[in-house]
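Trainee: Chains as they are written, first to last, in numbering that gives the first Met the number 0: chain A, 0 to 92; chain B, 0 to 92; chain C, 0 to 152; chain D, 0 to 152.
Rather than coming from a laboratory, the hints here were simulated on the basis of the structure. Each hint should be verified, as a subset may be incorrect.
Unchecked claim - Derived DSS-like pairs (lysine-lysine); straight-line CA-CA distance at most 30 Å:
hint, chain 1, residue 1, chain 2, residue 2
1, D, Lys124, A, Lys21
2, D, Lys43, D, Lys7
3, C, Lys43, B, Lys72
4, C, Lys7, C, Lys43
5, B, Lys21, B, Lys72
6, C, Lys43, B, Lys21
7, D, Lys124, D, Lys7
8, A, Lys76, A, Lys21
9, B, Lys21, B, Lys76
10, A, Lys72, A, Lys21
11, C, Lys124, C, Lys43
12, A, Lys72, D, Lys124
13, A, Lys72, D, Lys7
14, D, Lys43, A, Lys21
15, C, Lys7, B, Lys76
16, B, Lys21, C, Lys7
17, C, Lys124, C, Lys7
18, D, Lys43, D, Lys124
To be verified - Beta-carbon label-pair distances, calculated as ranges:
hint, chain 1, residue 1, chain 2, residue 2, range
19, C, Gly21, D, Leu20, 26 to 34 Å
20, C, Cys140, D, Leu20, 22 to 30 Å
21, D, Gln45, A, Ser47, 36 to 44 Å
22, A, Arg46, D, Glu139, 51 to 59 Å
What the hints assert, rightly or not - Chain D is nowhere near these chain A residues, computed Cβ spacing over 10 Å in every case:
hint, residue
23, Thr28
24, Val62
25, Ile77
Ideal Cβ placement from N, Cα and C applies to all residues, glycine included.
Residues per chain, in single letters:
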Amino acid sequence: MTASGNPTRQVSIRYFAWLREKTGRSEETVEIGPGILTISDLVTWLRSRGPEYEAAFASPGTVRAAIDMTHVKSDAKISGAREIAFFPPVTGG
Amino acid sequence: MTASGNPTRQVSIRYFAWLREKTGRSEETVEIGPGILTISDLVTWLRSRGPEYEAAFASPGTVRAAIDMTHVKSDAKISGAREIAFFPPVTGG
Amino acid sequence: MSVSVEEKDFDISAEINALTLGNTGIGAVATFIGKVRGEAHGNKLQSMTLEHYPGMTEAELSDIEQEAVMRFHLSASRIVHRIGPLQPGENIVLVITCAAHRSDAFAACEFLMDYLKTRAPFWKKETGVTGEGRWVDARECDEAALTRWLKPA
Amino acid sequence: MSVSVEEKDFDISAEINALTLGNTGIGAVATFIGKVRGEAHGNKLQSMTLEHYPGMTEAELSDIEQEAVMRFHLSASRIVHRIGPLQPGENIVLVITCAAHRSDAFAACEFLMDYLKTRAPFWKKETGVTGEGRWVDARECDEAALTRWLKPA
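Build out the structure end to end from the sequences listed, making use of the hints.
Mentor: Right, here's the structure in full:
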């Protein structure tokens, strides 16, 4: 819907449980390009950033995501997101 | 199954909740004749003993019985019973 | 596995500790507390008095508890039921069920309450604020609740 | 209605009292406690560590609790979930639901646990007796348990 030519923008990304361990970080702020529209796009881009990301996202089916602290599916649009989180299926209780 | 000519025998009868209030007693020992074989027979006989019993057993469908502390139906045989109890449907919990 | 019928109030923390201490096979503890409400069928209550059939009560509760332990693979369980006069807000009954997993603990706790409500020989008499007494009627929905336990889970 | 995420243990008696004191409309209190078991999948545990997503956890738990309150006409409710390292036998989670009648209290308590297990962002890491760590896998039966809440009761 938005006009093309979006500048890159900053988004905060958080990792929990074994995604935190595999990526080696719990939080980072990244610059993402205008071509990255959905959670899936973001995962694909993150995997290209290095072997630790490649390992963390090797089985995308076991990774869950949240945008601004709300559960979302992998096809969710990330426009406007301030904080995106990746984590395994939850195991509390 | 037993031979006829059974002597009368003693049985302890207990009354709870409004059956206790209506009969005016919580426990009594009665002599019951050989023709009284079931809980129903016993109720019929008790009702003949006076207006307080008549009032207590006026609606037999609302009276429950136990023989020796086990719930029974109105057609249960009372031979061998040491203690028979009458009470309304239970309302604990 | 134990059953108590008593006038005094119970201490849920102490009861749970007694059941679970040292048993690390327990992953789930379900409990239920029944309390005296301040109003019933639109009538304000002053108090409620619980009568029971000593001996039969304990026998019925023990039978029900034994059935629950077998059916739901309980690690431990406990039933405490109070008798005598009780005020609105006071506790009436405590049921605790302990199992490895929550589905068994929950099902057993509901099973125990459903059977207790329809089998254990307790009777409640309400005293209204104007002093009039009324024996509580059995509820048909309590009898109906039993039917779900007829088929094995 | 309130939610806490904290390292320290909870006091079930104090929590129940805080919910019920002075509210004589409450006739039924259902509670659930989840505990760390000493063994999982045949492996003995030394400890378990609970990680969570601060902020999202509280938001999810509050949403779930609000849904339960409306769906089951709760008079009061409470969720406490612990985080950090826990030993076998220690408490993990407490859910309390208060209603006029037991069917609502029980259903709400199970509903809260089912949703908490599949929606609240907590993750458990087990440490075995030989020191090796292992992230607990989500259980399919927890996801399946949700389906029973899809149809209105």
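Trainee: Hint by hint, work out which the structure violates, then give me just those numbers in ascending order.
Mentor: 3, 13, 15 and 22
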